[in-house]
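Enquirer: Sequence:
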Amino acid sequence: MAGLCALARRCGWRRQRARIECSAGPLLASCREFVSRLMPGVAMRRCCFFFVVSTVALLGQVPARSADNWPQWRGPGGTGIAAEGAYPVTFSDKQNVLWKAKLSGRGSSTPVVWDDAVFVTALVDGQDALACYTLAGEKKWEKAFGPGREGKHRNGTGANPSPATDGQCVVAYYKSGRVACLDFEGNERWQLNLQEKYGKDTLWWDLGTSPIIVGDNVIIAVMHAGEGYLVALDLKSGDVAWKQDRTYERPEEADQAYTTPQLVNIDGRDVIVVWGADHLTGHDPATGEKLWESGNFNPQNETYFRVIASHVAGDGVAVVPFGRGKSLAGVKLGGQGDVTQSSRLWTKEGDAGADVPTPVIHAGKAFVLGDSGVLTCRQLTTGDEVWTGRLPRHRDKYYASPVLAGGKLYCTREDGTVFVVDVTNGFKRLAENHMGERIIATPVPVRNSLLIRGEEHLFRISEEDAPQVTAN
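The sequence shown runs 1 to 472 under the working numbering.
Hints may be right or wrong, so weigh each one.
Claimed, not checked - Within a straight-line C-alpha distance of at most 30 Å, the following computed DSSO-like cross-link-like pairs (lysine-lysine) qualify:
hint, residue 1, residue 2
1, K397, K290
2, K236, K200
3, K139, K94
4, K140, K200
5, K365, K332
6, K236, K143
7, K102, K139
8, K197, K139
9, K197, K290
10, K290, K243
11, K290, K332
12, K326, K290
13, K397, K94
14, K243, K365
15, K326, K348
16, K197, K243
17, K140, K102
18, K348, K428
19, K200, K143
20, K200, K243
21, K365, K397
22, K102, K326
23, K139, K200
24, K197, K326
To be verified - Using C-beta positions, here's what the derived DEER-type ranges look like:
hint, residue 1, residue 2, range
25, E302, G268, 29 to 39 Å
26, E437, Y304, 24 to 34 Å
27, G316, D234, 38 to 48 Å
28, E302, E464, 25 to 35 Å
The set of hints was computed from the structure by calculation and includes no laboratory data.
No experiment lies behind these values; they were computed from the predicted model shown.
We treat Cβ as the ideally placed atom computed from N, Cα and C, and that holds for glycine.
Let's have the full structure, built from the sequences with the hints guiding it.
Expert: Encoded structure:
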């Protein structure tokens, strides 16, 4: 048991499982004592059998429970796919609203959820801030950390990045460069400023990359003019666990990225995959070492080829939007060193990609939502088009990334319209829902409901026992 506990502690990414396994020692001791008193001399094997079965049952519950959470931008694994459930189809700011809460400030970040806690970042009275709500809509606390930086873009704010949580703490990252880690009661563990430590960001627009938690560290990618890097900060102390250079000399603005890393298992090995500066790279989570890189996304060395939409990985393939929404590529993940020539599976040109929304991969297919509302389904391994559907034309764009829940894609337009599309057998538009305020953040499907972060309110939408009209 001691060896099992030690192994579990070393495998930080199995933290939830380790908690259960390491707490089983006292349970086994109690079991022994109980059996020896009740039935002296009776087979210890039965107790051990009971213990093993109970432990396995507990372990079996962990993935299901974790799947019900939404711990980072685009949910578990950064895939944009929710746990199975019955998610709402028809709703508005007055229909099927469980509750709505007035937000203290603006932000374009997505809420994250763990158990009953919902975390949302914002810029409040010029301060970087983080608020915690319950799933019932009660505001538990709000914490301000210090001066923030306002957004440049009309849809940008100083709180574009989404927070991340591992169930024990929550980490928030802001345009100011501030990284703050708190426990679930709002007590600050630590904070630091990456820009004060490593230099000001040189992005033309507003910081957009979100942190991800990998084991005992939080990982943040910084890709801008000058030194680009990937950094891992210890969740307990904020100390730098490692920092890996990721600098590429690219044409003007092509070295700038607003994308989020993704932890991907490739051939049995966990790899942090990063997209930006015209390169897709894979890194060792323990050291940050670059394992491989795939380039040639900007062969003509075009200027202004910044990237906003992140890649998404599934089934050993990354779907990579590039060329300011004009192009899309399928890249085989893995290898060693420069894999540019061997990794490219396919490339599609001519408005084939997405400039801002990140695609979704599911069941061997990639679903790509363009900024203008064109939704395309492609075969993952070949890039061949399966079908294309168009959402209503409008002057406003689609900035939120689509999410898949219960076989339905939720596609959100910036004017606050949420379209629900059945993609189980082609393109079938089910509903057009109006939320009454602008929406930039990606919706969060969790426990048969949707959390929608609007410009002014946080909504929880459900078709189960929801009132038709809710108070502010």
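Enquirer: Hint by hint, note whether the structure agrees.
Expert: Right, here's what the structure says about each hint:
Distance hint between K397 and K290 is unfulfilled; the C-alpha atoms sit about 36 Å from each other, more than 30 Å. Straight-line distance between C-alpha atoms of K236 and K200 comes to about 25 Å, which keeps the hinted pair within the 30 Å bound. A threshold of 30 Å between alpha carbons decides the hint, and for K139 with K94 the separation of about 21 Å falls inside it, so the pair holds. Taken as a hint, the K140 and K200 pair is broken in the structure, with Cα atoms around 33 Å apart against an allowance of 30 Å.
With a CA separation close to 14 Å, the supplied pair K365 and K332 stays within the 30 Å bound. Of the supplied pair hints, the one linking K236 and K143 holds, its CA atoms being roughly 19 Å apart against a limit of 30 Å. For the suggested pair K102 and K139, the alpha carbons sit about 10 Å apart, so the restraint of at most 30 Å is met. For the hint linking K197 to K139, the alpha-carbon distance of about 33 Å lies beyond 30 Å, and the restraint is violated.
For the proposed pair K197 and K290, the alpha carbon gap of about 22 Å is at most 30 Å, so the pair holds. Using a Cα cut-off of 30 Å, the hinted pair K290 and K243 holds, with the two alpha carbons roughly 11 Å apart. Between K290 and K332, the direct Cα distance comes to roughly 16 Å. Compliance with the 30 Å bound is thereby established for this hinted pair. With a CA separation close to 28 Å, the supplied pair K326 and K290 stays within the 30 Å bound.
The hinted pair formed by K397 and K94 meets the criterion: a straight-line CA distance of about 23 Å does not exceed 30 Å. Restraint check for K243 and K365: not satisfied, since their Cα atoms lie roughly 35 Å apart, outside the 30 Å limit. Restraint check: the Cα-Cα separation between K326 and K348 comes to about 9 Å, which is no more than 30 Å; the hinted pair holds. The suggested pairing of K197 with K243 holds, with an alpha-carbon distance near 12 Å, which does not exceed 30 Å.
Between the alpha carbons of K140 and K102 the distance comes to roughly 13 Å, so the proposed pair stays at or under 30 Å and holds. Our distance criterion of 30 Å between C-alpha atoms is met by K348 and K428, whose separation comes to about 24 Å. For the given pair, K200 sits about 24 Å from K143 by alpha-carbon distance, which is consistent with the 30 Å threshold. The straight-line distance between the Cα atoms of K200 and K243 is roughly 16 Å, inside the 30 Å bound, and the hint therefore holds.
Taking the CA atoms of K365 and K397, the gap is about 24 Å. The hint holds against a cut of 30 Å. Distance check on the hinted pair: K102 and K326 sit about 38 Å apart at the alpha-carbon level, beyond 30 Å; violated. With a CA separation close to 34 Å, the supplied pair K139 and K200 exceeds the 30 Å bound. Proposed proximity of K197 and K326 is contradicted: the alpha carbons are some 36 Å apart, above 30 Å.
Against the hinted window of 29 to 39 Å, the Cβ-Cβ separation of E302 and G268 comes to about 37 Å, which satisfies the hint. Take E437 and Y304: their Cβ atoms lie about 31 Å apart, and the range 24 to 34 Å holds. Taking 38 to 48 Å as the suggested C-beta distance range, the pair G316 and D234 does not conform, at roughly 31 Å. For E302 and E464, the hinted distance range of 25 to 35 Å is not satisfied, since their beta carbons lie about 49 Å from each other.
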